[in-house]
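Q: Here is how the chains run, residue by residue.
2 protein chains.
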Amino acid sequence: MKRIERGGHEDQEKEEESMSNHSQFSNFFYPKNIVVIGVSSEPTNLGKNIVLNCLTFGYQGEILSVGLRKGVVFGQQIYQSLEDIDRKIHLAVILTPAKAIPEILEQCGRKGIKWVVIESGGFSEMGKEGSALENGCIEVARKYGIRFIGPNGIGMINMENGLAMPFMPLQRDISLGPVSILAQSGGVGLSYLGFLAEENIGINKFVSMGNKLNVDENDLLEYLIHDEGTRIILLYLEGFTDGRRFIEIASKSKKPILVHKSNRFKASAQIAHSHTAALLSDDQLVDHALEQAGCVRVNTMDDAMDYTKSLTLPPLKGNRLAVVSRSGGHAVIAADVCAHYGFHLPSFPEDFLKKIESRLRAHVIRLQNPLDLGDLFDLDFYEYIVDELLKREDLDGVLLGHGYRYQGFEQKASRKLVQKVAQLVERYQKPVALFVFTESVEIDYLRRHSNIPIFSAPENAMRAFYLSHKWASRRPISMELSRRDLGSKTT
Amino acid sequence: MKRIERGGHEDQEKEEESMSNHSQFSNFFYPKNIVVIGVSSEPTNLGKNIVLNCLTFGYQGEILSVGLRKGVVFGQQIYQSLEDIDRKIHLAVILTPAKAIPEILEQCGRKGIKWVVIESGGFSEMGKEGSALENGCIEVARKYGIRFIGPNGIGMINMENGLAMPFMPLQRDISLGPVSILAQSGGVGLSYLGFLAEENIGINKFVSMGNKLNVDENDLLEYLIHDEGTRIILLYLEGFTDGRRFIEIASKSKKPILVHKSNRFKASAQIAHSHTAALLSDDQLVDHALEQAGCVRVNTMDDAMDYTKSLTLPPLKGNRLAVVSRSGGHAVIAADVCAHYGFHLPSFPEDFLKKIESRLRAHVIRLQNPLDLGDLFDLDFYEYIVDELLKREDLDGVLLGHGYRYQGFEQKASRKLVQKVAQLVERYQKPVALFVFTESVEIDYLRRHSNIPIFSAPENAMRAFYLSHKWASRRPISMELSRRDLGSKTT
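Protein chains in written order, with this note's numbering: chain C, 6 to 496; chain P, 6 to 496.
There is no bait here: all hints are sound.
A pair counts as met if it fits within one copy or between any two copies, since identical chains are not told apart.
Each computed SDA-like pair below joins lysine to any residue, with the alpha-carbon atoms no more than 20 Å apart:
| id | residue 1 | residue 2 |
| --- | --- | --- |
| 1 | LYS133 | GLN373 |
| 2 | LYS260 | SER478 |
| 3 | LYS322 | GLU393 |
| 4 | LYS360 | TYR389 |
| 5 | LYS133 | GLU362 |
| 6 | LYS75 | ASN54 |
| 7 | LYS260 | ARG479 |
| 8 | LYS417 | THR49 |
| 9 | LYS359 | GLU130 |
| 10 | LYS425 | ASP392 |
Don't read these hints as lab results, they were simulated from the structure.
A quick note: this is a predicted structure, and the numbers were derived from the prediction, not measured.
Bound conformation, chain C alone:
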C-alpha cells in the first residue's frame, strides 16, 4: 500500500525519527505537572479558566499559576514569577499580552521547561510588529530547545488525563472516545467538540494549533497516527505548513484522516476574492494530493460530522444494502440515493417477506427491497427484521428509517429499538445507518443517549455509508475501527 517509493535505508531512518517524535510529543499530552502563566484573580481574567478546565476535567498532575499580581485562584496562591517555584515544571501554558512572551519563554528556558503552549494572539496575524515578536519566540525556543504549540490558539485537551487548556469554560459533556481533532482555529475546533458531544461520540485528544509557529500539523498528525487512544483523526486546516510532508505522513496512516481544508479560494493575501480558474485548480491540487494520501476530504462542517459518525460504525465492506423504512417516501429517497452511489439492493427471500406480511395491518404495501413498513406497528418486530437482515450473507449493511413522535405513545418502544439496533450492529459487526424522523428535541435525545450514530435524513445516512464503503474498500479493513473486539482481531 506504500504510495511514495523510497530506499529502505531512508525509510528506516524516517521510522526512527518518527518514533522519537512520538515519545517527544507525548510530553505535550501527558505532562506530570503544568504551570499556567497569565493568571490573576480578576473576574475577567481568562488564564484562570485554564486552571478551571483542568480541575473540571480531572487533570491529576499539579496545576501551578503565575501572574503579575499576588492573589488566590481555586484555593492556590498565584506565583509572581517562575523563579519562585521550587520544583521542576514539565509544561507551561502562556496567556499574556504578546509582547511579553519572548521574555517569558526565556524564563521557561532558564527554568528547564521544554514544552510550552502559547495561547495569546497578537502575532504575525496582526502585521509587522507581531512578526518581530514571532521571530523573538523562535530564537528563544531554538536557544533552549523548547517546542511550543501556538501562538494564537486555545491550546490542547487530552481526555485521557483531563488536561484541558482552552481559556473559556468548556462544556462538561465531552467524553473520552476515539476521535482526535487538530484544528487551526479554536472556534471551529470548539464547534466540532460540541457537535461530537451532542452525538455522544467521545474525544481522545484536541489541539488548537493557531499560527503553527513551531509545532505544526505534521508533527501532531504523526503523533496521533501512532497514538493508541486515537482511532479517527479530524483536521481543520486553513493552510498546509509543508504539504509534501503532510502527504508522506498521512499516506502511512491506517486510521482514517478527515481533512476539512478551508481557505480554498484565496490565492493572494486578500481574503476571499472571486475565484478564477487558476485558483480552482489550486484547490483541485489539494483534492488530488489528499486523495493520493488516502485522506477523506470534507468541505463543510456538516459533511465532517456525518463522515465522522459513519466511521464510528463497523465498516461497510460491500455494496449490497437493505433499505427498510417506516415511510414509503423516505424509502424512495433512500433507494434513489443508493442508486446515485451505485449500491445494490438485493431482493428479499419470499419466506422472510411472508413473515413480515403476516404482521401487517392493512396489507396495502407491496413488500420488496426497499421495504416500506408503513403500517407495521409492532416495534419489537422491527428488531427481528434488522436481525434477520444483518445476519444475511448477501447483505453488507442496512439503511433503517424510523419515525415516531416525541412524547407520543411509541416513544419508549422506539428508544428501546434504537438501543437494540446498536447492539445488533455490535453483534454482527455490520453497519446500520439509522435515520429517524421525529422532533429535533427527540433527535437530540437519541444522539446523546445512543451508541449508534443518528442521522436526520436518508440522504445524510447514505452519504455516510458511501464514505464508509469507500474507506473500507480503499485498504485492508482496519479492525481498529470497530467499537469492541480490538485485541484479537487487529490485523
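Starting from the known structure of chain C, fit chain P onto it as the hints suggest.
A: Coordinates of chain P only, in the frame set by chain C:
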C-alpha cells in the same frame, strides 16, 4: 418574462380556464362542512384521528362521521350511511379498505358530494387488482363529476381554516404562515411540516397527493400560484403526471417554487437499480426543464429546508456582503464560501473600524471584511454593527456568526441580539443570514422563538444566500416575499 410563446387568444382561454380551476379547487380547501367515512370508536381506528385533527386545529365547519358500526366519537354519533345524513355535504374524506371505495364514491355521487379525498392505500401500487379498483374510481368520478385527491395519501391541511385530514395525530405547534407544501408521499410531507414547525416558519396549505389518480400536482400547483395566502411553494414529487403542463404552469409563477424530485435514477419499473448514462441524462432533462420554468430544484431535505428558510428573508438583491463572526475560523470558512459563490466583500470604512477597535478587549485581531469580533463581549454593540452594515448602500446583506453557551452567562443577551437582528432585517428589508454556534438545544430554542432563520453552520447560511440572490436576480423582485409591507409595495 414569458417563456412559452403562444397566440393571444389561446392565452386568454388558458387564463380563463386557470381562474375557473382556481374557484373549483377552493372547494377542497374551504369546504363548508365535511364527512369522514371510515370512522369507528375502536381504539385502533385511524379515521377518528381525522376528526381529532380537525377539532385540534379549530376547523369551524360541521364534521360528520360515517362508519359500519354504531358508536360515538368526540361526542358525536357515527352515521352508518351517507344516506342517513339529512343535510347537504360539501366534502368527503374516505379511509376504508380500498375495495369498498368505488361503491362509496357512488354513494357520494348520489348524495351530491363533488369533492372527495381518498386516503386509503391498496390501489395500483399493489398491482393488477388495485389498478382495477382505480379504474372503478375514475369511472364513478366521471359519471358524477366528482374530483378527488389521492388515493394512498394523508389528505390535506389548510391552516387558514383548521381543516386537517391526516390520519395520525398532528403536531400542535404547526402555525399559519407563507409556505404551502404539495407532497406525493405523506411521510416526507409530514417531515417537512415538522421541520418547518421547528424553524417557526408557518404553513399555509398542505396536500399529500398520493397516487394522483384524479387531481394531480398541476391542478394543485396552479391553485397555489393564485392562492393569496401562499407565498412560497414546496413540492415533493416522485414523478411528474404531465411534465409539459407542469413547466407551463410553473413558468408563470411569481412565487418561488422549490421542487424536491426524487426517484431520479429509476427508469424502469424496478426500484433503484444502478444508474446508467441514459438515466442520468433523464434526470438532467428534469433539471433543465425546472430551470427553464424558473423553479428551484433541491435534491435533499436539508437543501429544501435551508432554501425555504432563505426565502422567508427579504431577497438578497446584489452580491456585496459583509461577513461578521465571533470566531475567526468561522469567518474564514464563510469568506471561503462567499468566494465559491462569487460574492464580493467590500472593505469597511476606517471610522467604522476605529469605532469597533475602541471596544475590543485585547486588540489582537485585525479588523477587515470578514470581521472577526473574537474578543468583543458587548452584545449590544453587535446590534450597532449589524445596524451600521445594513444601512450601508454598498452592502446587500450580512452574514452574521454568533456563538455562546446554552445556560451560559451570555444566553439572555444573545437571545435578545437574535430578536434585534430580526427587527433590523425588517427595518432595512435586507437579509441577514445568521448562523449560531451553540448547543443544539439552544439552536432549537432560537429556531422556535425567532422571526429570522437560524443556520447552524456558515456554509448552510451562505448556500441559502446564494439561492436568495439567484432567485432575486432571476425576475423582478417580488415584494410578496418580505414578511411585512405587503399592501403598498406589491408590484
